[in-house]
Every structure is written in C-alpha cells, then in structure tokens.
Amino acid sequence: MAMTDGNRSYSVREMIKENKKKQSGQQFVEWLMPKLLLLTATISILTTIGILFTLLFETFIFFERVSIVEFLTSKEWLPWDEKTGSFGIAPLVTGTLLTTAIAMIVAIPIGLASAIYLSEYASEKTRKVLKPTLEVLAGIPTIVYGFFALTFVTPLLQKIIPDLGIFNALSPGIVMGIMIIPMVASLSEDAMSSVPNSIREGALGLGSTKLEVALKVVLPAATSGIAASFMLAISRAVGETMIVAVAGGSSPVFTFDVTKSIQTLTAYIVQVTTGDAGYGTTVYYSIYAVGMTLFVFTLAMNLLAQYISRRFREEY
Amino acid sequence: MEKLIDKQRVVQHMNGRLLRNNVLKFLFFLATLFGLIVLVVLLYRILTQALGWLNMDFLNNFPSRRPENAGIKAGLVGSLWLMVIVAPVSLILGVGTAIYLEEYAKKNRFTDFIQTNISNLAGVPSIVFGLLGLTIFVRELNLGRSILAAGLTMSLLVLPVIVVAAQEAIRAVPNQLREASYGMGATKWQTIYRIVLPAAIPGILTGSILALSRAIGETAPLVVLGIPTFLAYLPRGILDTFTVMPMQIYNWTSRPQADFQHVAAAGIVVLLVVLIFMNSIAIFIRNKFQKRY
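Sequence order for the protein chains is A and B. At position 129 of the first sequence (counting the first as 1) the number is 172 in the working numbering, and the numbers step up by one without a gap. At position 211 of the second sequence (counting the first as 1) the number is 222 in the working numbering, and the numbers step up by one without a gap.
FYI, nobody ran anything at the bench for these hints, they're computed from the structure. Note that CB positions come from ideal geometry on N, CA and C, so glycine has one too. A few of these clues could be false.
[Stated by the list, open to error] Just some of the chain A residues that point at chain B, by a computed CB distance under 8 Å:
#1 68
#2 72
#3 81
#4 93
#5 186
#6 331
#7 336
[What the hints assert, rightly or not] Here are the computed lysine to any residue pairs in the SDA-like style, where the Cα-Cα straight-line distance is at most 25 Å:
#8 A:78 - B:205
#9 A:174 - B:295
#10 A:174 - B:287
#11 A:253 - B:17
#12 B:117 - B:17
#13 A:78 - B:38
#14 B:299 - B:289
#15 B:117 - A:91
#16 B:117 - A:74
#17 B:118 - A:74
#18 A:253 - B:38
All chains, full assembly: derive it from the sequences and hints.
What follows is the structure, given as structure tokens:
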C-alpha cells in the first residue's frame with residue numbers, strides 16, 4: 044500500500060522511518076523535561092542549604108571572636124565599641140518577645156473572635172465580602188504599617204500615656220498585631236469550617252445556643268488548627284522587620300517596659316546594614332549570629348505548627 | 012390537659028443563655044469590624060497626609076534633600092526593573108517545581124522532603140533572605156548592589172508562594188483532560204504543555220501576581236542588601252545600582268524634617284496604587300478565566 048502526498052508517494056516502510064525520526068526528537072524532549080523540572084525543584088532545597096550555610100559559616104566566625112557564653116548570658120548588647128563592646132543577645136530577645144507578646148495580645152483575641160463570627164454566625168454572603176476585605180490588611184506592605192505606627196498610633200497613645208517615648212515597644216506591637224489579625228482569623232476560620240455540620244446539628248438539636256455550639260463544640264474540635272495558626276502568627280511577629288525598625292527605636296536595653304524604646308533582632312540587622320559596619324568587623328559578623336537566632340526561633344515555631352496540625356488533626 | 016412544652020417557661024429558662032449568645036455575637040462582629048475600621052483609618056490618614064504633595068512633579072522628580080523637590084521617579088522605575096528579574100525567574104522556577112511535584116514526582120520521601128522544605132521556606136523571615144542575598148549574590152558572586160542581585164534574592168523569597176499557587180492550579184485540572192490527551196496518543200510532556208498548563212494558567216497567574224505584588228512591597232531584604240535610597244539617575248541595565256519605592260519611603264520616614272512625613276505619605280499612596288492595580292489584574296484574571304469543570 045502506498046500513500047500519495049503531492050507528487051511523491053510513500054511506502055509504509057518509509058512512513059515508519061519518517062515517524063521514527065520525529066519520535067527520536069520527541070523522546071529526547073520527554074527524557075529532558077523531567078530532569079529540567081527536577082532541577083528547578085532542587086532550587087528550593089539549595090535555597091535552604093544556602094541559608095543554613097551562610098548563617099552557620101558566618102556565625103562560626105563570630106563565635107571565634109566572641110564567646111558563646113557571653114552571647115547567651117550577658118545582658119548587655121553594646122556592639123559598636125570594638126574594645127569594650129559586649130555581645131549579649133538577651134536585650135534583643137526581650138525586645139522581640141515584648142513586641143511579639145503585645146502583637147499576640149491584639150491579634151489572638153480579635154483574630155479568633157473574627158474567625159468565630161465568620162465561621163459560625165455570618166451568612167455565606169457576608170463571609171464572602173468580609174473575609175477578602177479583612178485579608179487586604181495582610182497585603183499592605185509592612186513599611187506602610189511602620190509609618191502608620193510612627194505617625195498615627197504613637198501620637199494617639201501619647202495622649203493616653205503621657206510619658207510614652209516617640210520610639211517604644213507598644214505602638215509597633217499593636218500595629219503588628221493588627222497586621223496579623225487576618226492570618227489568625229483566616230487560618231482559624233478554615234480549621235473551624237472543616238468541623239462537620241453534623242456535629243453542630245447534634246449540639247443544636249440538644250438545645251444549645253449558637254454560642255454554646257461555637258465555644259463548647261466547634262472550638263475544641265478545631266483546637267489543633269487554631270493552635271497551629273497561633274504558632275504561625277508568633278513566628279510572623281518574631282520575624283517582622285520594618286514596623287519595629289521604623290517605630291520601635293534602636294535601644295537594645297534589657298527591659299520589659301513597653302513605653303521605652305527597644306530593639307528587636309530584626310531591627311538590629313536593619314540598623315547594622317544601613318549603617319557603615321565595615322565588612323569583616325565583629326559587628327558585621329554579629330548580624331549573622333542574630334540572624335541565626337531569628338532563624339532558629341521562627342523555624343522552631345513553624346515546625347511546631349506543622350507538627351500540631353498533623354499530630355492532633357481530628358478525623359471525622 | 013397539661014402542655015408538653017410551655018414556651019414561656021422555656022424562654023424564661025433560656026433567657027440568660029440567649030442573652031449571652033446575642034451579646035457575644037455582637038462582640039464577635041465588632042472584632043471583625045475592628046480590622047476593617049483600622050484599614051479605613053489607615054487609608055484616610057495616609058491620603059490626607061499625602062494631599063497636596065502628590066502631583067506630577069512628585070512622580071517625575073528624583074530624591075532631594077528638600078522635601079518640596081523630592082520625587083519617587085527613581086523608586087518607581089526601580090520597582091519596575093526589579094520585576095524584570097523577579098517575574099521570569101520566580102515564575103520559571105516556581106511553575107517548574109510545581110509541575111515536577113504534581114506530574115512527575117513519585118510519592119516518596121524525597122518528594123515529601125521537597126514539599127516540607129517549601130512550606131518551611133515560606134515561614135522564613137524575609138530579612139533572613141536578605142542575609143542570604145548579601146552573602147551569596149552581593150559578596151560571593153560579586154554582583155554588587157545590582158538589580159540582578161536584588162531580583163534573585165526577591166525571587167527566592169516569593170518562590171514558595173508561587174510553587175504552592177501553581178500546585179493548586181495544576182491539581183485542579185481534572186484527570187479526564189489528561190486521559191483524553193493520552194488517549195489521542197500524546198506523550199506526557201505534550202499533555203502537560205498543551206493541555207494541563209493552559210488549563211492551569213489562570214490559577215497560576217492569579218497566585219503569581221499576588222506573589223509579585225508582595226515582592227514590590229517588601230523592604231527588609233533590600234535594606235540588608237544595602238540598596239541605596241538616594242539615587243539621582245535611572246538604571247540602564249540589570250547590573251546597575253537602583254532603588255525601589257519601599258526603600259525610598261523608609262528613608263523618608265526616618266528623616267527628621269516634618270515635611271518628609273508628607274513626602275513619605277505621598278510615596279505610600281503611589282506604592283498602594285501600584286499594588287491595587289496588580290491585585291485588580293489578579294482578581295480580573297480569576298473571575299474571567301477560571302473555569303469550572
């Protein structure tokens with residue numbers, strides 16, 4: 044049998060040959076693509092290795108100059124003086140914990156209450172409008188929040204607390220909390236919505252009010268998801284940079300007074316990198332030690348969140 | 012005959028519980044409104060502060076020591092230049108990773124490892140990515156404080172977001188489409204390239220634009236890289252130094268003169284307009300092209 048194509052005629056044998064030629068090109072693509080794609084997938088692993096490598100390597104150099112005991116136990120962070128300088132991480136950690144704690148005091152109750160409202164009370168329509176609008180809060184650049192904290196929230200708070208400094212822990216903490224509300228609300232709402240309706244109906248059928256259903260049935264059932272959302276929120280607050288860099292000040296003092304100027308781990312890195320700490324100085328290496336502390340802290344929180352949501356997930 | 016259910020007694024008995032329900036419902040609602048009210052206050056504050064400072068001169072001027080002459084041109088152009096690197100790099104890497112994980116990878120420990128790694132990367136503070144960029148791109152690879160160095164750093168930062176968005180979009184493509192394509196004799200890559208990807212593109216784009224708008228607003232990693240804030244010229248290529256809008260705003264907020272607060276507010280308005288524009292494109296794509304199978 045032969046087919047005609049214009050003036051030429053092909054035998055079947057020739058067609059098979061043609062086809063094989065085409066297929067060998069195709070087979071090459073089929074062989075190549077998965078490998079290329081695997082290569083792109085390894086970039087994310089390389090990124091993690093890169094982060095670990097840079098942090099570990101430069102932190103190591105830092106600890107050759109400053110003893111790790113001093114780093115962990117000293118309560119003084121005075122990095123700028125090469126001779127009498129002191130590198131105790133405690134003031135930066137308390138600064139970070141202070142702003143994080145304030146942020147959580149704002150974000151957790153308000154976020155959780157929003158989640159309960161959105162998941163248990165709001166109609167489908169209301170939820171469809173409120174949830175994305177609330178999430179706009181999370182999309183606003185943090186530098187904008189920093190500006191808002193410095194020029195609006197701080198002056199406002201100064202009217203209530205007269206001896207509040209221009210830079211303090213309170214104002215950036217509150218604003219950071221507001222930024223995190225949508226995260227807590229959204230993740231907790233997801234956890235609560237996935238509690239099956241049959242359980243709610245059971246409780247309602249026994250005569251519970253909606254509030255009792257929400258607090259005594261849905262919340263306990265969604266605990267793992269809600270706890271995980273808190274962990275992620277804490278991690279976010281610990282790693283947040285621009286709000287505290289703009290409105291928190293730059294005084295690494297070991298204090299729990301929220302009206303005073305403080306410095307967080309992230310704000311210290313910003314201060315050093317915007318200043319002129321020469322490459323190779325102890326101050327330069329100190330940002331990696333601080334970065335390492337930050338990384339370990341947030342990684343622990345993230346892993347804990349993953350563990351909680353996996354380990355304690357209720358199966359219905 | 013005695014009534015089985017005495018409604019009055021029930022209401023009397025339930026009163027406290029119903030009241031508590033209503034009061035707390037109102038409180039929960041207030042909590043939800045709180046965030047929205049702050050949003051409105053924030054936008055109103057910034058708009059009124061920017062009023063009178065936001066004009067064509069502001070868009071056309073370079074930074075200046077005098078607030079009335081300061082402009083955002085260098086930052087606006089710089090932010091666009093940043094996208095020249097971040098958009099292609101993060102899209103290719105992100106979508107490539109997602110295709111690999113969803114279409115090729117077998118379910119084994121290695122795949123699990125990549126997946127866990129990606130979700131962990133998403134939780135790493137952005138300033139740590141700055142430290143990575145400073146060491147690897149600026150110092151080791153000697154790229155300097157260039158658009159390329161900053162763009163690569165930002166690409167790695169938004170990569171996890173794009174991967175997750177692309178994975179969801181690819182997963183949402185129904186299997187019948189793939190099976191039909193194989194049934195016609197198409198190969199695996201042909202199926203992915205001509206069937207799966209086109210169907211997943213709206214979802215991928217929506218997620219990617221949101222990720223890119225995050226890159227435009229992000230400040231911390233660029234501060235760490237040491238991107239300058241005061242540039243009176245525009246970059247010509249990807250190896251030039253540059254500045255971006257958030258960096259300029261950061262610089263303005265930290266200046267002592269009161270008038271710079273207005274300049275910062277005007278800069279924020281421009282930044283927010285760009286972000287709203289990008290977000291509306293994302294919403295438009297989602298509404299227009301998202302198909303339900």
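Quiz prompt | Structure versus earlier hints - violations, ascending order | solution = 1, 7, 12 and 13
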